Amino acid sequence: VTATLALVDAEVERRQSAAVLEHVPLVVGGLLLSTPPIVLVLRDAVPAGILHVWGGLQIAIAVAMLGLYLSTRPRDGRRHPAHGPTPLFPALNGLLGLSTGVGFAVMYTPHRPDLIVFMGGVLMVMAAISAGIHAVHRPANLAFLLTALPPYILRLLLDGGFYQMLLAVSAVIGLGFFLLTARLVERRTTDAFRLQIEHERLLADQNRRADALAAGEQRLRAVMNAVDDAIVVLDSRGRVVEQNQAARKLAGDNLLGQPLALRLPAAAQPDFAATPATERSFMGAAGMQPVDVAATPIQFAGEPGLMVVMRDLSERKAQQAAMIQSSKLASLGEIATGLAHEINQPLNIIRMAADSTLLLLADGNADDDFIKSQLGLISGQTVRTAKIIEHMRVFGRKDDADAVTFAPMDCVQGALGLVAQQLRVSDIDVEVPAAPDCPPVRGWPVRLEQVLLNLLNNARDAVLARPLTFGGPLGTIRVAIRHDTARNEVLIEVGDTGGGIDPDQIGRVFDPFFTTKDAGQGTGLGLSISYAIIADMGGRLSVANGPDGAIFTIALPALALARRTEP
Amino acid sequence: MSAPPCILLVDDEPLAVHTMARFLERTGFRIVTAADGIEALEQCRRENPAALVTDLRMPRGGGLELIAAARRDWPAMPVIAMTGFGTDEAERAARQAGADAVLRKPVAIGELALLLKNLTTRVPT
Chain G
1465 VTATLALVDA EVERRQSAAV LEHVPLVVGG LLLSTPPIVL VLRDAVPAGI LHVWGGLQIA
1525 IAVAMLGLYL STRPRDGRRH PAHGPTPLFP ALNGLLGLST GVGFAVMYTP HRPDLIVFMG
1585 GVLMVMAAIS AGIHAVHRPA NLAFLLTALP PYILRLLLDG GFYQMLLAVS AVIGLGFFLL
1645 TARLVERRTT DAFRLQIEHE RLLADQNRRA DALAAGEQRL RAVMNAVDDA IVVLDSRGRV
1705 VEQNQAARKL AGDNLLGQPL ALRLPAAAQP DFAATPATER SFMGAAGMQP VDVAATPIQF
1765 AGEPGLMVVM RDLSERKAQQ AAMIQSSKLA SLGEIATGLA HEINQPLNII RMAADSTLLL
1825 LADGNADDDF IKSQLGLISG QTVRTAKIIE HMRVFGRKDD ADAVTFAPMD CVQGALGLVA
1885 QQLRVSDIDV EVPAAPDCPP VRGWPVRLEQ VLLNLLNNAR DAVLARPLTF GGPLGTIRVA
1945 IRHDTARNEV LIEVGDTGGG IDPDQIGRVF DPFFTTKDAG QGTGLGLSIS YAIIADMGGR
2005 LSVANGPDGA IFTIALPALA LARRTEP
Chain B
943 MSAPPCILLV DDEPLAVHTM ARFLERTGFR IVTAADGIEA LEQCRRENPA ALVTDLRMPR
1003 GGGLELIAAA RRDWPAMPVI AMTGFGTDEA ERAARQAGAD AVLRKPVAIG ELALLLKNLT
1063 TRVPT
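Protein chains in written order, with our numbering: chain G, 1465 to 2031; chain B, 943 to 1067.
Treat each hint with caution, since some may be false.
[Said to hold, decoys possible] Now the stretches of chain G that chain B is said to cover, found in silico as 3 or more residues with beta-carbon under 8 Å:
(1) 1478-1484
(2) 1811-1818
(3) 1887-1898
It should be emphasised that the hints constitute simulated quantities derived from the structure, not laboratory data. The structure presented is a predicted model; accordingly, all values stated were derived computationally and were not measured. Ideal placement from N, C-alpha and C gives every residue a C-beta, glycine not left out.
Full structure from sequences and hints, please.
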């Protein structure tokens, strides 16, 4: 604080001396104008040498003051504070006072009372002007007053006449009066300068704070605009009062001032703010598009508001759909060989049955019962073929259908039907415990079947990768469905006896392109796609190691059992 | 030809075995069947069939193992393999294992019967 006060005092002093300098032209002008007339008036009474020396001195001092003034003038046109403080001016002022006072004392004319009064008057006028002009800077003022008046007063007192004494006394009183007044003026200007400095300091502070605020807002805005998610802030009436660039891009338009509900119908719902992040439709630049929406109440500009963050899902959806499709094709490729074999079985029976009937008919060796049973056999095998083809078609199709309610056991049976033959010839047992009272679930049965098929294929590969054991089957795959009533979820567990997954790798099995299979054997997409499919249906796909091998668990939200009415 | 030649049919598809057996029995063969490789080898020991017809893909000792084992223990017995894969690799593998003929599914049963007749009469008993 002391340091600050000292700084302020120094600044006040600097401004005072700068202010006094500003009046130098006035002083110089007064000197240049007054010196010749004074010389003229005194020329009869004072010896010419003395008078010329004195006049030259006055002019020289005036020129020196002018030089000082010009040398300290601000060059860029500013008043303060380029005018530097200069101790030279009080010195020059003192010199001027001395020159005038001592000069007049030396040039004192005892026989010319009119000139005595004239010189006294000139001194008093100069003192009055000095007090008026230099009062802002005490040292400059004192330097003149205390050097100009005392020598002449002293000379008057030495003369000793009555009127001389009277003149001296009035000069002393004038001096006192000037000193007193100057003191008051100086105090006032000091206060004015202090106020000015304080004011400037406040103004600078305010500007600095405003700059900092603007910089902070710029930084915040830069961050907000760098975010890929669309962010808008709503006022209490649901109108957009703030938006980031992603929001503009998503909407394809300026949203400011618009009610968000016009674009996001969900925003009109009363429980909108309370709903955790969910998928909604947003009317954007490219029509209705899916967005992930999260709303958080915030205090915005002193008012309660709502921050809404929207993530554009259309690209991710398209990617996901493409991945699901490509994984379908991949799994189709994987099972194509198996399916060809599968179809060849009924075809084989059909052809053999037809051929044998034809051949026996030609030999007259076929009776009606034989022909009938052969045709029945053929018909049955075509049904079997059709079933296989039905499954193939289901796999090639892009599935955009709406979610349906279905029994998960149907999917298990469907998936098993596709791989049962393969598993059987690979000596792998399949256990499917009955699941009575299992509630239905909601979603896409074909996709769930795809997930199950994928899990079954993985389980088969895990079992086949184990070293051979003699006697009994190679391994077992167990597909169990149960109802977790506590969480009201349907759990489908696919477990194998393949020895489990390396604990170091178990956390990564759902990562896209992660595979433990040999190069060229697995795409590394199956489990990640499966994960996405189950998540799409509101469920979870998880994995753990059981005593004999890996157990994959599909958890799906259970629906209430449909109440059946007896016919 | 006193007794009809005995043919061992091996396939894990019961209906396929049934269809073949039904026809071959009516065209002058005695048929014994097996559903997998191990059962087939037991039948070979018990019945000493004149020919073996087997599928390639089966549980418990696949067709290739069965063919190799039959070739080793009964070198004179003709072996016909049937494959549902319809690929050259499967056919080559079957021939390498020792099959005399390989038929691709769907099998023309008249051809099979003719083949069996030729193979069983050519071999002197």
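How the hints compare with the structure:
1. 1478-1484: violated (count 0)
2. 1811-1818: Three-residue rule met by the region 1811-1818 of chain G, so holds; n is 7.
3. 1887-1898: Satisfied; 4 residues make the cut.
Comparing the model with each numbered hint stated earlier shows that hint 1 is the single one that does not hold.
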